[in-house]
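Chains W and U supply the protein sequences, listed in that same order. Per our numbering, the very first residue in the first sequence carries number 208; after that it's consecutive. Per our numbering, the very first residue in the second sequence carries number 208; after that it's consecutive.
Quick caveat, the hints were computed from the structure, so don't treat them as lab data. Treat each hint with caution, since some may be false.
It does not matter which identical chain is used: a pair holds within one copy or between any two.
To be verified - Only pairs whose alpha carbons sit at most 20 Å apart, straight line, appear in this in silico EDC-like list of lysine to aspartate or glutamate: (1) Lys242 - Glu273; (2) Lys317 - Asp335; (3) Lys317 - Glu441; (4) Lys242 - Asp331; (5) Lys480 - Glu285; (6) Lys480 - Glu259; (7) Lys410 - Glu341; (8) Lys410 - Asp311.
Owing to the predicted nature of the structure, the values given are computational and were not obtained by experimental measurement.
2 protein chains.
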Amino acid sequence: MHPKIRTRDVFYISDGTAITCQTVGHAVLAQFPLKVNEQTFPFTENGHKVAEVIKELERSFLATGEKPLVFFSMVVPEIKQQLLSANALFYDVLQTMVNFVADDLQLEPKPQLQRSHSVGKDQDGYFDRIAAIEYTLSHDDGISLRGLEDADLILLGVSRSGKTPTSLYMAMQFGLRVVNYPFIAEDLAKLRLLPEFEIHRHKLFGLTIDPERLTEIRNNRLANSDYASESQCESELFSVESLFRREAIPYINTSSMSVEEISTRILERTGLKRRLF
Amino acid sequence: MHPKIRTRDVFYISDGTAITCQTVGHAVLAQFPLKVNEQTFPFTENGHKVAEVIKELERSFLATGEKPLVFFSMVVPEIKQQLLSANALFYDVLQTMVNFVADDLQLEPKPQLQRSHSVGKDQDGYFDRIAAIEYTLSHDDGISLRGLEDADLILLGVSRSGKTPTSLYMAMQFGLRVVNYPFIAEDLAKLRLLPEFEIHRHKLFGLTIDPERLTEIRNNRLANSDYASESQCESELFSVESLFRREAIPYINTSSMSVEEISTRILERTGLKRRLF
Chain W
208 MHPKIRTRDV FYISDGTAIT CQTVGHAVLA QFPLKVNEQT FPFTENGHKV
258 AEVIKELERS FLATGEKPLV FFSMVVPEIK QQLLSANALF YDVLQTMVNF
308 VADDLQLEPK PQLQRSHSVG KDQDGYFDRI AAIEYTLSHD DGISLRGLED
358 ADLILLGVSR SGKTPTSLYM AMQFGLRVVN YPFIAEDLAK LRLLPEFEIH
408 RHKLFGLTID PERLTEIRNN RLANSDYASE SQCESELFSV ESLFRREAIP
458 YINTSSMSVE EISTRILERT GLKRRLF
Chain U
208 MHPKIRTRDV FYISDGTAIT CQTVGHAVLA QFPLKVNEQT FPFTENGHKV
258 AEVIKELERS FLATGEKPLV FFSMVVPEIK QQLLSANALF YDVLQTMVNF
308 VADDLQLEPK PQLQRSHSVG KDQDGYFDRI AAIEYTLSHD DGISLRGLED
358 ADLILLGVSR SGKTPTSLYM AMQFGLRVVN YPFIAEDLAK LRLLPEFEIH
408 RHKLFGLTID PERLTEIRNN RLANSDYASE SQCESELFSV ESLFRREAIP
458 YINTSSMSVE EISTRILERT GLKRRLF
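Please take these sequences and the hints and turn them into a complete structure.
So, in structure tokens, the structure goes:
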């Protein structure tokens, strides 16, 4: 008897943060009808730690009767060989591609431990990233409108349209300085652009959302309030979208988008470059 | 004549956010002695967009005389075939592993567009993530010590030891509710744990940093201030590390670690689970 959706144990194992293993493993597994029990083992960088991880793999195999899936990345050959001795299905998230690139470019790969997410020598990148996070924090939710000339982007939208998480994500992942400014219900009748924004028009970007979705999100915060009512949400969104169109401010509808997707769509529309860390 | 470090054009192309392509491409390229010019094309989801991307690839080939490297992920077979017709070196960041998994599990993959970073049906996960970001924002830098019972983690450390970026990253990426609390210079002589933290001892975690590094970071903020002086940094760090040891608070040194690494190390030490989005 086969249950429709099988469950498998999945391990992400790396000598670094294991973030790449997780990202890849997730994307791969999303293509299969599987339920997964996930465990992550970062910094598996010596024989002792690998031995511990192997115990977990063997425990999984004994408990489920099936080999667990392992998405891994490991630089030191001996450590890697030790890991591969366990009863599991192994997927090296980088090696195949590294081999292809080495062949294509006729270059010898030089594996480096934890290279992809370390500060390393890129001090400027580090400071830029921290500065972007600070700038964005101090310009969240209309707290301050000073220093707009340093902003890369100014996000506009009604309360709960996704401005804050999007701003922080773009600062953290792309090193961008993001201002976000909410439209307040009272202003909506006479909605117009703040004079402060006039000379920064090219940095303005609007977020909107379906009224049903906004109602749901606001109810999750303040159940059965006027603020969360369908009529309130509808009228706010109507006013704001009218403003976006009147003022030719580009905008996107964030309903059912993750912060990753919203952020990427904004980059795409504005032509802003991602900085990579 | 071969220059020591070659430069290559690199493209990240996806029908989704291209975040996975970038993550993998970066990790792969970090193993080669290459300088790269990077460009990212997300949401390349129809023939028209692929045609535009192919123009860029051909432009790169003509300008450099070398095939650009393309790390890509593409679900629709016709779109993928169209892309592969360009003059470039192609690396499919997921397909090889998808094929391995399909073979190993005897399961048919069902490619899904933009599955890995969409909100999809996981509404609870979405709300949890947003709630974690909000909680963390409202407990940044000692702003509020209310609701500590809802915290997953309480970070302690001197100013500029990495608390804020780490807290936000852990909220954003792992869905954790993180309080962070700075030690202020005046308290340092009579340094003790706030009574508010007593019943949450198991949630406490310390960040420390090398004095030279702290001096450098503080000088970047307030050059030549007392605050940034070596003696001030040394004495603050000495007091705080003494407190961590006396009170048996686990702590790590964040010097030269990225927020990804700090966050992962904290998970590892505390046993907190990452939630994945």
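A quick look at each hint next to the structure:
no.	hint	in the structure
1	Lys242 - Glu273	within (14 Å within a copy, 43 Å between copies)
2	Lys317 - Asp335	neither (28 Å within a copy, 40 Å between copies)
3	Lys317 - Glu441	neither (57 Å within a copy, 37 Å between copies)
4	Lys242 - Asp331	between (42 Å within a copy, 17 Å between copies)
5	Lys480 - Glu285	neither (40 Å within a copy, 29 Å between copies)
6	Lys480 - Glu259	between (42 Å within a copy, 18 Å between copies)
7	Lys410 - Glu341	within (19 Å within a copy, 25 Å between copies)
8	Lys410 - Asp311	neither (41 Å within a copy, 50 Å between copies)
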